[in-house]
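Enquirer: Going line by line, the protein sequences match chains A and B.
Under the numbering used here, the first residue of the first sequence carries the number 64, and numbering increases by one thereafter.
Under the numbering used here, the first residue of the second sequence carries the number 64, and numbering increases by one thereafter.
If you are wondering where the hints come from, they were derived from the structure by calculation, not from laboratory data.
On a predicted model such as this, the values are computed, not experimentally measured, just so you know.
Watch out, some of these pointers could steer you wrong.
What the hints assert, rightly or not - The following label-pair restraints were derived from C-beta to C-beta distances:
id	chain 1	residue 1	chain 2	residue 2	range
1	A	Asp551	B	Pro524	54 to 62 Å
2	A	Leu259	B	Arg499	53 to 61 Å
3	B	His242	A	Glu549	24 to 32 Å
4	B	Phe195	A	Pro524	45 to 53 Å
5	B	Asp474	A	Leu400	41 to 49 Å
6	B	Lys355	A	Pro316	29 to 37 Å
7	B	Ser398	A	Asp102	18 to 26 Å
8	B	Asp397	A	Glu190	39 to 47 Å
9	A	His99	B	Thr328	30 to 38 Å
10	A	Pro316	B	Asp397	41 to 49 Å
11	B	Ser330	A	Ser298	44 to 52 Å
12	A	Leu437	B	Lys80	41 to 49 Å
13	A	Asp102	B	Asn157	27 to 35 Å
Claimed, not checked - To give an idea of the chain A side of the interface with chain B (calculated C-beta under 7 Å), a few residues:
id	residue
14	Val88
15	Asn122
16	Asn125
17	Glu126
18	Phe168
19	Ala384
20	Arg385
21	Ile389
22	Ser398
23	Asp422
Stated by the list, open to error - With a Cα cut of at most 20 Å, we get these calculated SDA-like pairs of lysine to any residue:
id	chain 1	residue 1	chain 2	residue 2
24	B	Lys352	A	Ala137
25	A	Lys85	B	Ser486
26	A	Lys481	B	Asn92
27	A	Lys512	A	Asn500
28	B	Lys161	B	Val211
29	B	Lys161	A	Asp397
30	B	Lys481	B	Arg499
31	A	Lys241	B	Gln386
32	A	Lys396	B	Val211
33	A	Lys489	B	Glu163
34	B	Lys80	A	Ser486
35	B	Lys489	A	Thr84
36	B	Lys245	B	Glu69
37	A	Lys489	B	Ile98
38	B	Lys300	B	Lys481
39	A	Lys355	B	Ile136
40	B	Lys81	B	Leu123
Where a beta carbon is used, it is the ideal one built from N, C-alpha and C, also for glycine.
2 protein chains.
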Amino acid sequence: MFQEAESDPKLSQEEFKKIETKLRVQLVNEQYRHIHLQDRALLILVAGIDGAGKGETINLLNEWLDPRHVHTIAFPPPADSDQSFPTARRFWLNLPRKGEIGIVFGSSYLQLFNEAAKKKLNADTLERNIQFIRRLESNLVANGVQVVKLWFHMSRAAQHQRTEELLANPSTAWQVDKHDLKAQKKFKSIRRSGQLIIEATDAPHSPWVIIPSADPQLRAVRTAQAVLQALKAPSIKVPPFHDPASAPPVRKPVNPLEKLDYTATLSKAEYDEHMLNLQNRLALAVRNKKFKSKALAIVFEGADAAGKGGAIRRVTHAIDARQFNIMPVAAPKDSELARPYLWRFWRHVPGRGRVAIFDRSWYGRVLVERVEKLVTRATWIRAYEEINDFEQQLSQHNIIVLKFWLSITPDEQLKRFKEREHSPYKQFKITAEDWRNRRKTKAYSVAAKDMFTHTNMPCAPWHVISANDKRHARVEVLKQIVLALEHDQT
Amino acid sequence: MFQEAESDPKLSQEEFKKIETKLRVQLVNEQYRHIHLQDRALLILVAGIDGAGKGETINLLNEWLDPRHVHTIAFPPPADSDQSFPTARRFWLNLPRKGEIGIVFGSSYLQLFNEAAKKKLNADTLERNIQFIRRLESNLVANGVQVVKLWFHMSRAAQHQRTEELLANPSTAWQVDKHDLKAQKKFKSIRRSGQLIIEATDAPHSPWVIIPSADPQLRAVRTAQAVLQALKAPSIKVPPFHDPASAPPVRKPVNPLEKLDYTATLSKAEYDEHMLNLQNRLALAVRNKKFKSKALAIVFEGADAAGKGGAIRRVTHAIDARQFNIMPVAAPKDSELARPYLWRFWRHVPGRGRVAIFDRSWYGRVLVERVEKLVTRATWIRAYEEINDFEQQLSQHNIIVLKFWLSITPDEQLKRFKEREHSPYKQFKITAEDWRNRRKTKAYSVAAKDMFTHTNMPCAPWHVISANDKRHARVEVLKQIVLALEHDQT
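Construct the entire structure; sequences and hints are all you get.
Expert: Structure below.
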């Protein structure tokens, strides 16, 4: 794999001059096509032997391209406040928008591979990390982010020589850092781990390109060619990760809606008593010292008029308004459409000690977008695993994820729609669209059933609640939240 | 001013019930009008005596309004990484977008007044801070952010009683914090400072409303009424801060363009020598330890084809691509139009140790937007002081602000336009709009002259550079940057 690169091939000044002009014209023209089309983003991931000239080459790429539409991002060790969030959040929020080019050095995601390769991980962990990266890349490409990965490589002797030459000249010595000096000692292990990771994560839709780096001119040309090829490549159709025939992975069907008891009710007196007790406990739990290192993400889904808004108010009543944020989820805006689907939800992940409430959520993709045929079958099937990976990352970062499905019968919904039309507070809540959606109750039930089957993970369980009686539903929601927090704090 | 509030007026349960229903219907209906119109944002600033029930009332407001379009923001002491930026940045980035409501507790901006009032500042500093706040509020309103300020007040005895009652009940004791307990001792000084600041910063377009807070029901009603009134108020035309007759403040005219020597040139040999020297010095300066606590914001303005892009490349050549960010400034996008003009530039203020390069900038308002009549005369006149305040805040936060105007003669511009049309690298750089803009050279000269007159501050000086000779211009730009950094580091 590294044979060519380790032979340290060179390009003469003459050959370079001949290629350079044409290459630069092609590159800038392809970039402008990319900017104008705005049909995808290009993400360039940079890795390789330390001291192989990665930084220098990326600077040159910035000069050859129109640098105003190139964003070079390094991920230094996270600052204190960044650790308030899962590390992957920085990667997501920095993804280039369609029409732009992002160059990423040492993302948490590349760190992940380096770690996986260098440390003595057991084979299971390594395999799990590799599979996670493969899914992530496949999902990025399917979400309109073209991915190309560059590995800068040269022989050990050439690496030594380059470092020495840079150090010898005071005007270039600053380019050498401690990693470059260590690379000599660790050459073999870096080489071995690089090979392992490249083999495991090379894919037609997110290929690795090995850049021979001993000669600066050949290195520049090969890098530019790799970027050019990525810019010119037609958009790639990526099959869902699990099944090329667009079927979700096989899981035992779960349908909590079937056995739901809609007769559950609470009297006013019972409700008042429970509510007072639960709201006090919630107030204490979110003010508990232990909660300062945690966070809470609550998802509300369910049919129109199922009582999501009312339940949310009973929850927020017990929390200081400065501690929570409610995110009403509607159709994505332009800036959101220019990024992968989960980007806008990553933006609203709660920081430490905070509560984020989603009034509808990332499940829109497998509910309304599926039912209304706003996305392809392959897209919503892929979304189950994307969502599971997302929630798992939240959970691993001490964010408690609770998902509520408020369920009402069609008759009850009809009754509520009619009431809304006559209530001065609630008129604004009922629109023609709500009446239209009602006709698709069956399709939504099928989508909900599939959703429960594929996304009911132990780390982010669904709570399906009978909501024909509002008091019962509100008390149940509060109870589940309080129990989850109290369980976590004991 | 506090007479009514300190008489601790009450509302009977019966009266409250009568008012409540109507008020809530009005409130939610006005909020929906606000959401649908999207013609402005509403910013509610919350202040007052500690322990007067601010938090409780804001929670109630969240229940009475549709909380999904209300964002309650507290500004705790900044985290480490926030201190990487001027404190005002958090305030700006959290401004509600048009159609939304933002409730702000203890913003850096309110802290500013509290400090101004409490500490033994000299009269000049206090007056300067007050004037800054007055300009900021006036500018926010003129930028589509309606401002209403609430001061929660009650008698000292009532404050004491309320705190004791909350403490006595285990389910409400958490509502009392140390500030509430201290308020008894500091009652008089809080009262005095409140009075001073309210008088100094009350304005028709951003009024203070005193909320009598001893009785929770009256407090709720008065708060809701204040919000309702703000939502119902017609958009207010705010005159420029300095002059109701829409004239900029009187300053001695400065026109560096007049005496500019366009004959300055550099030979290829001189250029290469200077450039190598300056780029090396720049490389060292941005890698200097001292730069880690600073930042650099560089603005490039000038006519089309003046050589901004070429100059930027010579600057970035010496800087690691991971350390700088280039922001190309074009017409604002939807999400930017929904916020005050400077919002998008606050987003791109460089963090500590970083370089932000603006290819065109916030000066667009007093250049293209003025010349093309995209904004009113009052708006661009107001912008001079908005911009000066903005740059002053950057400078106070250790951000070195350098502004370059690259100047070319009309003949040279014509020559370059023609060259661009025939260059394979540069075809994309020339559009019909460039030819149109050329016809407005005079209007741009007048706008530039006014801009130099009103925004050439010692903390953020303009460097006007003759750019008919590209080599000369690039060397001059590098030289000014290097000198500013080296001067700062010695």
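Enquirer: Tell me, in ascending order, the numbers of any earlier hints that this structure violates.
Expert: Going through the list in order, the structure violates hints 6, 32 and 38 and respects the others.
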